[in-house]
Amino acid sequence: MIDFGFAPMEVSVHNMDTADLSLAHWINLHDETFNHCIACGSCAATCTAGQFTNFSFREVCHAIRRGEIKSAIDESEKCMLCGKCTLVCPRNVNTRNIIMLIRKANLTFRP
Amino acid sequence: MRYHPFTLPFSIGLGFIMLYIIVMWTIWIVRLSRREQKIVWKRLFSFRTISAIWESIREGLLHRNIFKRNVLLGYMHMSLAFGWFMLIVLGNLEARLYPHGVINPPYYPIFFEFFRHDLTPLHEYEEIFTFLMDFFLLMVISGVSLAFFKRFRSRTLGMKRTTRHILIDRIAITALWFIFPLRLFAESVTAGLYNTGHFFTNFIGQWVIYNLPLDYLYYPAWWAYSIALGVFFITMPFSRYMHIPAEILLIFLRKYGVKEKESHSTFTKIELSACSRCGICIDACQLSTSLNISDTQPAYFIRDLRYSQPNERLRETCMMCMRCLEACPVGIEITRIRENERREHPLFSASSYGYINGYKYPKAKVAYFAGCMGHLTPSVIKSTLALFDAANVDYTFIDKNGSICCGRPLQMNGQVEAAKQLIDKNNHLIGESGAEVLVTSCPICAREFATSYHLAIPVLHHSQFLLELTQQKRLNFNQSGLKVTYHDPCELSRGLHITSEPRELLQHAVILSNGSKETESKSLCCGGSLGITNISMAERNKIATDTLNEIVAESSSYLATACPMCRKTFANAQDKIKVLDIAEILEKNLNFAPEKVSEKNQSPIKQQAVIS
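First to last, the protein sequences are chains A and B.
First residue of the first sequence: 1, per this note's numbering; consecutive thereafter.
First residue of the second sequence: 1001, per this note's numbering; consecutive thereafter.
If you are wondering where the hints come from, they were derived from the structure by calculation, not from laboratory data.
Treat the numbers as computed from the prediction; the structure is a model and nothing was measured.
Note that the Cβ used here is the ideal one computed from N, Cα and C, for glycine as well.
Treat each hint with caution, since some may be false.
[Stated by the list, open to error] To spell it out: a stretch of chain B is covered by chain A in this simulated footprint if at least three of its residues, at any positions, have a beta carbon under 8 Å from a beta carbon of chain A; those stretches are:
| id | stretch |
| --- | --- |
| 1 | 1095-1109 |
| 2 | 1341-1350 |
| 3 | 1372-1380 |
| 4 | 1564-1570 |
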């Protein structure tokens, strides 16, 4: 096939009935502030790691809520734990703790 | 008569504990690394040994560090340790001065009054020995009474909370508490019958318990005393009281230069055994005083690590603020041990930050590094740079376009492999920038640069650098007359021991007023700590407000701090007092002398430096 340099977009449909929400539930169990997030993106705006790569705590949380456990776990490793996001979060989400929980889940939840 | 079966419990106990101590000391010393053994041998016959002996007496017997904390608490520990020690020493002297010769079985001096009722052969020493033995017994009894009292009203002895002990500790402490009243009873019975005591035991024997059937109580009393001693000795190695022999070895090894390494070692084992679980760390910990989390402090963490493994909660619930380290009377490297324990649970891999590619810091002479937290408080950066400008410093703001985290937060959470990548990256980039001095306004970064980076250039916190500029008269300030309370950030005061520079600097522009003794090395944490992840923002704010209530003097207009993170945390938590970084306060009071201004405007050299 001729390579045009672009291709049709991958279908990205999430069926929430079949999504694997085990990680979301597990994180919620250990840190309920996970649920307080309003996806404002302040965390991503201040992120130290975000200056160098495409990393956003908001997106990681989003992925977990959609059941995309693998991508969330892989992404979470980019965090430097510097703690700026915790200080700017208007909803007081305990961001560093959630990152640590995701990293811990890496040992138990990895599909 | 030189033997009686009642001495058996004591003798068995003593034999066991002596053997145990010798075996444990040998194992510990043999298992030290080659290098450590070498330095111990090399320094064995030096002044360090004398100073270690002195420290053993000062801390092991007299408990000076606890005295400094609270006189009554110090007296309690001192009376038990020093009083008992003197009883043993004097008992031995007494038994050896007795004309029957100096060779005695070990139990003989302990139960001397049982074996010898007629002390007249001691001649002129009789009076003094019986007096001193009674005096020190009274001293120990007073200590035991205080210890007993402390169980119910610990506040009187300066402790809000005491350690909750496990079974083996309870058995050992009960045996210990029984030893001295039983000794008093046995000696008083003997004194009542044979007049062997002095002002204390004679008085009790002949005036208080004289109408008890002393003849019948004589043997049971000595049996009970011996059994209490035996039980204490048998439980000692498995309980908190192992700290007695372990602490002595610890003091010596520490003096010879042995210390904690990057991971647990044999020295850690000695340190763990040297913890007496006295509980002083519990009151020092703000998690306990502000949040009522009183079961994760070093006393418990070290206990669990000594017997098995501390659980995840115990390991992670600590702000790493080092207040316990400062308070510990034994001087155990608690924070280091906890960090090493966290290291055994890596969560980030060694290739997490491969994405930082092709990033560069600009060429610099004086490199200013704002750090992550600095970028979160742009006003701090602005003020710091304005001061640099005013002093005509040829600086470059190297992380203007984004800083790579220094690695300290990861390191505090035990993620060393991950931290190492950031350290290597930063190290390389700072080296490439050609900087001759690195200035940062973040104490967290400063600590990490100074301790983990092995940079060839000096690392200065902005307070140090600004003070230097002020001393060189490159900066002038107006004395505003405002009263300001200065808060010492943990990483700066306890981590880098920088406490006088920020104060000296501030005094050029404001008047310092402190409302608390909890300053400098004892300073309180703001609660924003990066060493802990499992407390909520509400809890952090509670710590911040408690800290402010404690330290801010009534008359203060501002709270000054030297850490952008503390500044942010304090500002977020309350709006009672305005929080400013020292650089901001100084910039407000900057005095541009006329000639200085013109000099500044005609400084083409600096302009060029910035452009290039």
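Comparing the hints with the structure gives:
no.: 1; hint: 1095-1109; result: violated (count 0)
no.: 2; hint: 1341-1350; result: holds (count 3)
no.: 3; hint: 1372-1380; result: holds (count 4)
no.: 4; hint: 1564-1570; result: holds (count 3)
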